[in-house]
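S.K.: So you can see what is in the structure, the chains are spelled out below.
Protein chains: 2
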Amino acid sequence: MKDRSYLENLDKLMETITSGAFLTVKSGGSINTMTIGWATIGIVWRKEVFMVAVRDSRHTFSLIEKSSDFTVTIPTDPGSKEALMFCGTKSGRDYDKFIECGLQTRKAVTVESPIIDIAGVHYECKIIYKSAMDSAGLDEKLEKLYPAKDYHTLYFGEIVACYQTD
Amino acid sequence: MKDRSYLENLDKLMETITSGAFLTVKSGGSINTMTIGWATIGIVWRKEVFMVAVRDSRHTFSLIEKSSDFTVTIPTDPGSKEALMFCGTKSGRDYDKFIECGLQTRKAVTVESPIIDIAGVHYECKIIYKSAMDSAGLDEKLEKLYPAKDYHTLYFGEIVACYQTD
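Residue numbers (the numbering used here), protein chains in the order written: chain A, 1 to 166; chain B, 1 to 166.
Worth flagging that the hints you see were computed from the coordinates, not collected in a lab.
Computed from a prediction, not measured in an experiment: that's the story for all the values here.
Wrong hints could be hidden among the right ones.
[Said to hold, decoys possible] Calculated cross-link-like contacts (lysine to aspartate or glutamate; reagent style EDC-like; alpha-carbon spacing at most 20 Å): (1) A/K47 with B/D139; (2) A/K66 with A/E82; (3) A/K90 with A/D56; (4) A/K126 with B/E140; (5) B/K81 with B/E15; (6) B/K47 with A/D139; (7) A/K47 with B/D94; (8) B/K144 with A/E158; (9) A/K130 with B/E143; (10) A/K47 with B/E140; (11) B/K81 with B/E65; (12) A/K141 with B/E158; (13) A/K66 with B/D134; (14) B/K141 with A/E65; (15) A/K107 with A/D96; (16) A/K130 with B/D150; (17) A/K81 with A/E15; (18) A/K47 with B/D150; (19) A/K107 with A/D56; (20) B/K126 with A/D139; (21) A/K126 with B/D139; (22) B/K47 with A/D134.
[To be verified] For the chain A half of the interface with chain B, some residues (derived, Cβ under 7 Å), not all of them: (23) M14; (24) W38; (25) A39; (26) T40; (27) I41; (28) G42; (29) V44; (30) M51; (31) K130; (32) S131; (33) L138; (34) D139.
Just so you know, even glycine gets a beta-carbon here, dropped at the ideal spot from N, CA and C.
Could you put together the complete structure from these sequences and hints?
M.R.: Right, here's the structure in full:
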């Protein structure tokens, strides 16, 4: 299930993710998805890891803090542009993003959080390390990204499955 | 100076780094290099970042904590294997690794820390965020990597230059 295509196409994926990907989390009966444009990928703790960042002001934050996994769906079809815009600017507290955007979820293969059922590359990730940002360690030039002091928590997920759907 | 080849070849680079790369740091008059096998790369804080991890028991830790930058050299020639082994198992407190391994440094283009003067891909990175690992956020199965509780500090470097030398 973990084909190596995510490594073979890593260069394109990292370029793509800056245009937006879906970070999807389930906790209890609640599911939410949000748009991310930041991520890192690599090897840490002898595991293949995908790192995402979630501000503590986000609805997704309240879910991922209670969850042990997340998925990332990188769309391969430009038709997702509007949904990415909506999910990056509206809160799951105010809207059911799945209804608003006509997005469906699909059961993941290995984790509780579902994937977004669109053509794309899907990462299923089990959280193996998380760390609330320590502003003392942040370059002061980057403080402008946090006028409300709503720092990110960094979630390092072990990539337990990765595959592409058409 | 920042050619995009590091993105074009990211897949191969990430496979390579698990075989070892040199993390080189200068602080004041001291320079040390150590072997790393873990790293992540991607986009965070609107910057291209390279993340490395250094245990607080390392000689390199005492240098990088006082430095604002580091370099990573990923060898492209298998001739570096012995030096990688030495620099990954011996401490800069006990040996001058450059003399022991016959390694030369070369002035970096943009940062104070030098690169290793071998055929390879070189990343020059300015530290924009650092964070000592919080063991409370670590999967308990990974605690076995830290029998001496010498956790890593994670250094996120903005990639300010990247190039290949033959």
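S.K.: All the hints need checking, so say for each whether the structure fits it.
M.R.: Results of checking the hints against the structure:
no. : hint               : verdict
1   : A/K47 with B/D139  : 12 Å, holds
2   : A/K66 with A/E82   : 29 Å, violated
3   : A/K90 with A/D56   : 15 Å, holds
4   : A/K126 with B/E140 : 13 Å, holds
5   : B/K81 with B/E15   : 15 Å, holds
6   : B/K47 with A/D139  : 12 Å, holds
7   : A/K47 with B/D94   : 31 Å, violated
8   : B/K144 with A/E158 : 17 Å, holds
9   : A/K130 with B/E143 : 14 Å, holds
10  : A/K47 with B/E140  : 14 Å, holds
11  : B/K81 with B/E65   : 27 Å, violated
12  : A/K141 with B/E158 : 12 Å, holds
13  : A/K66 with B/D134  : 18 Å, holds
14  : B/K141 with A/E65  : 19 Å, holds
15  : A/K107 with A/D96  : 18 Å, holds
16  : A/K130 with B/D150 : 17 Å, holds
17  : A/K81 with A/E15   : 15 Å, holds
18  : A/K47 with B/D150  : 19 Å, holds
19  : A/K107 with A/D56  : 26 Å, violated
20  : B/K126 with A/D139 : 10 Å, holds
21  : A/K126 with B/D139 : 10 Å, holds
22  : B/K47 with A/D134  : 18 Å, holds
23  : M14                : 6 Å, holds
24  : W38                : 5 Å, holds
25  : A39                : 5 Å, holds
26  : T40                : 3 Å, holds
27  : I41                : 6 Å, holds
28  : G42                : 3 Å, holds
29  : V44                : 5 Å, holds
30  : M51                : 6 Å, holds
31  : K130               : 4 Å, holds
32  : S131               : 5 Å, holds
33  : L138               : 5 Å, holds
34  : D139               : 4 Å, holds
This entry does not satisfy hints 2, 7, 11, 19, going by the numbered hints stated previously.
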